[in-house]
Amino acid sequence: MFKLLEPNKIFQLTSKAPKYVLFLFVVVLSVGLVEALILSPEDYKQSDAVRIMYVHVPAAWISLGIFSSITVLSISGFIFKNKNFFLISKSLAPSGFVFNIIALVTGSIWGKPTWGTWWAWDARITSMLILALFYALYLISWRIYENEEKVFKISTFITILGIINVPIIKYSVDWWNTLHQPASINILSKSSIHSSMLYPLLIMTAAFALFSLLIFLMKYNTELIKIKNKGLDRL
Amino acid sequence: MINELLFMNGYAVYVFSAFGFTLLSFLSLYLLTKVQFIKEQNKFVAKFGSLNTEQANSAKSQRINKEILADATNN
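In the order they appear, the protein sequences are chains A and B.
When you line the first sequence up against the numbering used here, it's residues 1 to 235, in that order.
When you line the second sequence up against the numbering used here, it's residues 1 to 75, in that order.
Please keep in mind that the hints were generated in silico from the structure rather than gathered at the bench.
Derived pair list, reagent style DSS-like, types lysine-lysine, alpha-carbon separation capped at 27 Å:
hint, chain 1, residue 1, chain 2, residue 2
1, B, K60, B, K43
2, B, K47, A, K83
3, A, K83, B, K66
4, A, K9, A, K230
5, B, K34, A, K9
6, A, K226, B, K39
7, A, K9, B, K43
8, B, K47, A, K16
What the simulated footprint calls covered on chain B by chain A, stretch by stretch (three residues with Cβ under 8 Å from a Cβ of chain A suffice, anywhere in the stretch; the number is not a length):
hint, stretch
9, 15-26
10, 30-44
11, 53-67
Note that beta-carbon positions come from the ideal geometry of N, C-alpha and C, so glycine has one too.
Let the sequences and hints guide you as you build the complete structure.
Written as structure tokens, this is what we have:
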């Protein structure tokens, strides 16, 4: 099954896909922006400040999703002795990190009009900051170590440590008394968000997911060409 | 309506800063990734050009190398 994941076979697909993904991203983002900034209603308590949710929440969701994927892929890389899993993880990390930063910055901007402060050492915000540090450590480890085996071990170790923080982020609003509001969207139970706000949020999430796919594809292709460059040196 | 959109009940500065930061981050990451990709692609084309016939034929036997060259030519 993993033969399908061989870089040589994947490149045929990944080299052509970015232009289509970019087009789709621009279309979905445009629809999402119109929905988020114009068509969706203001909140009865937060008024128009609630619109920040449409960039803050998808960014947070995707940064958490990418970090979880990186961890699973890194561990799978060790179990199945497949280097391509590490390559996919490495290519996913930059967009995950940027989404993490977006979640922190837009959360801070949202905090000022709603809580009256740009920053609070609240459990949810602090745990998101810790996630950004793990992302940074992961990316730095790929830059520092040149030995393949060493970087595989160290980057996986970082993701295993970092993944402990993911459930803490998720449940921080339930476990501690925080400024951050509890989750409004639940997969297993009824969501407390109205559909007029839920749909724009889902459209923006789709746009953000497409953007991370686009960056992943471009980064993955770059990494494959880097490997092939080294191969040419050996000829 | 335009006034409403621009004023946003006094929250426009926060809303537009958040959206602006997000879009600027997207653009920066996209451009940075694109530049890195083009740099590696150009490096590959230059290295390929410096190979002798035997080495070039050997390299061309790998399908991915042909794909990279074709992609570089199309761009």
